[in-house]
Structures are given as structure tokens and as C-alpha cells.
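Those protein sequences? They're chains A and B, same order as listed. Using our numbering, the letters of the first sequence map in sequence onto residues 6 to 192. Using our numbering, the letters of the second sequence map in sequence onto residues 1213 to 1416.
No wet-lab data here; the hints were simulated from the structure. Only a predicted model underlies this, so the values are computations on that prediction, with no experimental measurement involved. Possibly wrong hints are sitting among the right ones.
Straight-line C-alpha distance at most 30 Å; calculated DSSO-like pairs for lysine-lysine [stated by the list, open to error]:
| id | chain 1 | residue 1 | chain 2 | residue 2 |
| --- | --- | --- | --- | --- |
| 1 | B | LYS1289 | A | LYS34 |
| 2 | A | LYS54 | B | LYS1317 |
| 3 | A | LYS86 | A | LYS167 |
| 4 | A | LYS167 | A | LYS34 |
| 5 | B | LYS1289 | A | LYS86 |
| 6 | A | LYS34 | A | LYS188 |
| 7 | A | LYS34 | A | LYS86 |
| 8 | A | LYS54 | A | LYS188 |
| 9 | A | LYS54 | B | LYS1289 |
| 10 | A | LYS167 | B | LYS1225 |
| 11 | B | LYS1317 | A | LYS86 |
| 12 | B | LYS1239 | B | LYS1289 |
| 13 | B | LYS1239 | B | LYS1317 |
| 14 | A | LYS54 | A | LYS34 |
| 15 | B | LYS1289 | B | LYS1317 |
| 16 | A | LYS54 | A | LYS86 |
| 17 | A | LYS34 | B | LYS1317 |
| 18 | B | LYS1389 | B | LYS1239 |
| 19 | B | LYS1225 | B | LYS1389 |
Which chain A residues face chain B? A few, computed with CB under 7 Å, are given here [as the list claims (entries may be wrong)]:
| id | residue |
| --- | --- |
| 20 | GLY84 |
| 21 | MET85 |
| 22 | SER105 |
| 23 | VAL108 |
| 24 | PRO109 |
| 25 | GLN111 |
Don't be surprised by glycine CBs; every beta carbon is placed ideally from N, CA and C.
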Amino acid sequence: MAVAEQKTSPQASQEQGQTWHGIIQQTLKRNEIRLVPYVPDRVLTTLIKSLHADPYFTTFPTAREEEAVGIISGAWMGGMKGAVLMQTSGFATLANVLASLAVPYQIPLIMFVSERGTLGEFNYGQSLVCRTMRPVLDSLAVEHHTATRLDEFEFIVDRSIKQAITTQAPVALILSPLLTGGKVFDK
Amino acid sequence: MNAQAKPPARNTKVMNRFDLTSRLVAKLENEEAVIGGIGNTNFDLWAAGHRPQNFYMLGSMGLAFPIALGVALAQPKRRVFALEGDGSLLMQLGSLSTIAMLAPKNLTMVVMDNGIYQITGAQPTPAAAMTDIVAIAIASGIASSAWAADEEDFERLVEQSMSASGPTLIGVRIDDKPGTGTTRRDPVQIRERFMHGMGVRQLL
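This is chain B alone, in the form it adopts within the complex (with noise of 0.2 Å):
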């Protein structure tokens, strides 16, 4: 990451993913959904301490939103959360217009921007010297957007967001640590397990 690149004035702390997750997971107390994107987002998910109320993806790079979106749409009296790498989220930008439009006011987006494809190896994104991706949720009618200052103030824009009137996308800045653990690799049960923690299934 070529911090000294970086857009001047963002004034916000470098935190880690797992922290946050782990803050993020500790404030859910009526069920909320959460949608952990490819890689190190969803593993970081799953070492918080597996909900059943817990998504995992293991491939489509930049769905975390779109998959998020759908639940939303669905179950419009629960919280959803979804967390997303910003080089996942590069793969998607269109998906930020769409929400935006259809203004799903239960959905809270989280961007861990590292700078970096960390999982492949560390190789900066495109994004990484120029883009705000904040800004570029804005620009795509997401007015509810902001980088998080700190760790405090991600909990706070947490909790702003669960009484919002719209979609709310808050962007972090993290450090290039890999995941904390690694998510078992098993699809079905994932949406079994999803399913019947989102009401719609019962477990056999």
C-alpha cells in the first residue's frame, strides 16, 4: 500500500478487521443478518463466533452487497449487515446505484479498505492511491456514507445506522493482517444453517 499516495485530509485510523468485526458482532442482539464477503472478510466473520444468522461466501468476488441486498428486500423488519472488502467491492460498484435506488433502509454496508488484494499476496488495488470509496458511495445516491474516524466512532455509526431511513455504508480503514480464522468450506451447510437462522427453514 502506497500510503503516502493516499487522498490528503482522511483523517481515520488504521484499524483491523477482526477488531471491528468482533465489535460489530458484539452489539447484535435481535438477529441480524450479517454477510461476510470473499476471503479474509468472511473468515474474520466466522472467527468472531459463528451466528446462524451469519452468511459466508466462497467465491462471486464483489456479491457481499447484491447477496445483502436480496435479504433485505426479503425480511424488511431485520437488520442486515454487510461486510465487504474494498477490492470486492470494486468488482461491484454498479451494485451501490442499485441499492441506492431501491434505498433498503435495514441494510448497513461495511467497507474494510485495506488497499490491498491481501490474500493473493498484498498487491495494491487500482483503488488504492486514488479512490475514495466513501465518495463513491455518495456520488451513487448513498447519502448515508462516511468513514469511520476510529474504532468508537464505527460503533457509533453502527448504531446510527440501525435506526436510518436509508441504506448506510460506512467505509473503514484496516491494516494488511490476513484473516483470524479460516471458515469451513462447506456451501450447503452455510445455507442451510443461514436459512434457518433467517426463520425460513428448520433444521432436520
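Okay, chain A solo, but in the shape it has when bound (with noise of 0.2 Å):
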């Protein structure tokens, strides 16, 4: 873990000039996670971009964010490491697949989830939708973090995947807009 030390000083990223969506897919590629099914956000456009535009990734959208965490979990079992992109009422949806496959079957289920509903949010329902996100979390003892600042997230990103994989145990990243910007209000 010597090597992981280095690489996740909290100093390292902001040295050198990096993104959010930068670290996240440098970070997933030192992991050797290569799926990554998503349902979009404007939130994610730019990482999902740069995804695409990179030939170490199998990335594409699914038509609901359930269905990529069945194409994970069998990944997983065929020996392909996944991550899985989504907004918040996006992760809305999980539940059921969360308590009957990612955590009785021990599934290392990543997940970055782009925060909304808070901060700023424009759209009632969407700032409800957001209150449901971490008691769902916590009611099945979802590992889970929220990541507000850039100089620690390399840090976060890193060991909670390697967490998620050597404890077999899924794991929520959610993005804060404190660290993305979030989506404003433009009409």
C-alpha cells in the first residue's frame, strides 16, 4: 500500500493542476476498472467525455441506472471491474437492487453519484428526492462519503475503491456541488 500512499497525498492533486473528473478517471484506470455503464448529468458531462474518449474504458449509457448495477454485479463475478455513473434521482431508484443483489451477494458496487437537491437546487422535487439518498444509504450500511474538496478527493476516491474491492462491500461516492459546481438555475 506503500505505492497508494504516495499517490493519494492530499497535496498531490491541486500541485498538479487537476480536475474532479480528471482524478476520478485516472483513479478508476490505477484500479483497473474498466466498465463504466451511466445513466447521464449534466454534472458528468465532461467526465463521461473524456471516458468515451478513452480507449482503457468500456463506458455507455443504460436506460436506467438498476440495469447498470446488474451489468457490474455480473461483470464482477466474470472478473471485470465496474464503476457506475449517476445523478441523484438516479440513485433513487436502487434500492431494491441494493438490499437483493449488491449487498447480500457481497458485490464491490462503486458508485459516483452527482449531487442534487442541495446547494442551490431550483427543483422541489429533486431537493426531496436528495433527502431519501442517505437514509437508504445508511439503512443498509452502505459505505458511503461526500466529497466537497479537490485536495482530498484523490484521497477518498483511491481507498474507497480499494475498500469496496478488498471488502467486497458496495460503496457510494457522491459528488457535492462544493467540489463539482453543481447544475444552476439557466432557464
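With the hints as a guide, bring both chains together as one complex.
Here it is in C-alpha cells:
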């Protein structure tokens, strides 16, 4: 783990002028996570484009988030690592698949959730959906972290991925508007 | 099931899930993966004789095809079968578009269509009287989709799929019988044995 400690030193990311999406891309690669299905989100646009442009990744849209969870679960059992990208309202569709597949079968499901519904939300429904997310995660005792700072981000992502895989347990990495800028009202 | 309201001109025999599953399993000689959907579909897969390459779902209705797609992407040289009920597939029709887009040639999907939610009391699905699931699959972009006319035709379609250039979907009309056995509901053991069957893990 000495290598991981070097690469996740808190200062490293800021010194290199990195972006949060660049950190996700590099950290996925370093942890050999190739399969990245997603249901898109405005905030995730740059990350999704970068993953599509990088031949290392197999990345594609799915019709529903739980479909992506199914794909990742099958791929894990077949020896291929993956992660799912979604937004908050997409996470809200996952309680059943978390409780009946990812958690009981011990699948290291890695979720990146772009957080909507807080810190400047303009759609009341989105803010309500957002409030369901952490209680669902907590009710299943699923590890989750809310990333707010770029200088901590690589550490959180890298360690969380490694923990998910070694403990065979799902993890949700919630990307706060404090990290990403979020989505603001633009008509 | 309202047989009279079924779409006309579907010249397909009503078969039996356990019989068809047994016929499929009997053809497997190359450690092919088989994903059994929730309920009766995986009960009959279990009853057809446990293999380490079988994965049994104990929930997450509708995800047999997505799970099979994941296995197929991870192991492109291995043939992957997915067995799913019609009611389950209705939960996740969008997955047919994803599979059509990615077009894995090592994926064979079987839809066991009895038009009912057998396990919950045999209530008809909304699709039972009106919807042609194979037509949906074709319209979703899975060109190699067909109803099996009878058991022999099913076996022919299974064999054909093994050398297909894209994913295959086989629709089978089945009777209203429940599953033959009951899968042992131990999710970690199921997953660990399956990973062993996939050559990913060694059993301790």
C-alpha cells in the first residue's frame, strides 16, 4: 500500500492542477476499473466525454441505473471491475437492487453519484429526492462519502475503491456541488 | 391467461419451463454461464442440476439480462445464457436496447413467456393479451430474435445462437406450472461458486 499512500497524498492533486473528473478517470484506471455504464447528468458531462475518448474504458449509457448495477455485478463475477455513474434521482431507484443483489451477494459496487437537490437546487422535487439518498444508504449500512474538496478527492476515491474491492461491499461516492460546482438555474 | 386475446398467428407450442431448461443444460459442454432470473426461472435451473457456472437470482426482478450482459462483456470467449420470465423482462425492457447497442455475440437470452406472474398467484401480466415480446426485442435492435415453435425448434435456435454474429433472443411460450425445485437461498455461496465456475476464484 506504500504506492497508494504516495499517490493519494492530499497535496498531490492541487499541485498538478487536476480536476475532479480527471482524478476519477485516473483513479479508475489505476485500480483497473474498465467498465463504466452510466445514466447521464449535466455535471458528469465532461467525465463521460473523457471516458468515451479513452480506449482503456468500456463506457456506455443504460436505460436505468439498476440495469447498470446488474451489468457491473455480472462483470465483477466474470472478473472485470466496474463503476456506475448517476445522479441523485437515479440513485433513488436503487433501493431494491442494493438490498437484493449488491449487499447480500457481496458485490463491490462502486457508485459515483452527482449530487443534486442541495446547495442551490431550483427544483423542489430534486431537493426531496436528495433527502432520501443518505437514509437509504445508512439503512443498509452501505459505506458512503460526500466529496466536497479537490485536495481530498483522490484520497477518498482511491481508498474507497480499494476498500470496496477488498471488503466486497458497495460504496457510494457522492459528488457535492462544493466539488463539482453543481447545476445552477439557467432557464 | 386469456388465450383468446393472444395475438393471432403465433404458431408456437405451449411448452414447459423445466423441460426446456433441462434441454438447454443438457447441451452445455463448454462451461457456459447460465443466469437464472428471479423465481421459477432459477428454481427450474437449480432443479435441472446444479452447475458451478449457474447464477441464481434471489431478487432484483428484471436483471437477469443485464447481469448476463456483464458476464458476457467480462468474458467474451465464454457463451452466456440468460433465462428470464416475461413479467421480469417487462420490468427492464430498456436493457434490450443496451444489449442491442453493445451487441455481444456470446449472449443468448431466453424469455419464458406464460403471460402470468405465476409465483404470486398466476395474475396475468399487462402484456399477456396484447404484447409480442419477440417483436419488442426485434424493434429494440436484436435482429436474431424468434419464437421457438416447439421443443426441437428451441434446441435448434439454441445451437444456432452458439455461432451467431450478435446477441440472440429466443421466446418460448410455456404453461402455468410452478418451478420444479427450490434454489438454496444463500447469496454469498451462490456468488462465490459462480465466480469459481467462471474461473475467477479458487474455492478455499
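Consistency of the hints with the structure:
1. B:LYS1289 to A:LYS34: Within the cut-off at roughly 23 Å; holds.
2. A:LYS54 to B:LYS1317: holds, 26 Å
3. A:LYS86 to A:LYS167: Holds. A:LYS86 to A:LYS167 sits at ~11 Å (cutoff 30 Å).
4. A:LYS167 to A:LYS34: holds, 12 Å
5. B:LYS1289 to A:LYS86: Holds, at roughly 17 Å.
6. A:LYS34 to A:LYS188: Distance of about 27 Å is within 30 Å: holds.
7. A:LYS34 to A:LYS86: holds, 10 Å
8. A:LYS54 to A:LYS188: Between A:LYS54 and A:LYS188 the Cα gap is close to 18 Å, so the pair holds against 30 Å.
9. A:LYS54 to B:LYS1289: Roughly 29 Å separates the two Cα atoms, so the pair holds.
10. A:LYS167 to B:LYS1225: violated, 51 Å
11. B:LYS1317 to A:LYS86: Answer holds: B:LYS1317 to A:LYS86 is near 21 Å, not above 30 Å.
12. B:LYS1239 to B:LYS1289: Within the cut-off at roughly 17 Å; holds.
13. B:LYS1239 to B:LYS1317: With Cα atoms ~18 Å apart, B:LYS1239 and B:LYS1317 stay inside 30 Å; holds.
14. A:LYS54 to A:LYS34: holds, 15 Å
15. B:LYS1289 to B:LYS1317: Roughly 9 Å separates the two Cα atoms, so the pair holds.
16. A:LYS54 to A:LYS86: holds, 20 Å
17. A:LYS34 to B:LYS1317: Cα-Cα ~26 Å, so holds.
18. B:LYS1389 to B:LYS1239: At roughly 23 Å apart (the allowed maximum being 30 Å), B:LYS1239 and B:LYS1389 satisfy the hint.
19. B:LYS1225 to B:LYS1389: holds, 15 Å
20. GLY84: At 4 Å from the nearest chain B Cβ, A:GLY84 passes the 7 Å test, so the hint holds.
21. MET85: Cβ of A:MET85 sits 4 Å from chain B, so the hint holds.
22. SER105: holds, 3 Å
23. VAL108: With a closest approach of 9 Å, the A:VAL108 hint is violated.
24. PRO109: Status holds, d = 4 Å.
25. GLN111: It holds, given that the least Cβ distance between A:GLN111 and chain B is near 6 Å, below 7 Å.
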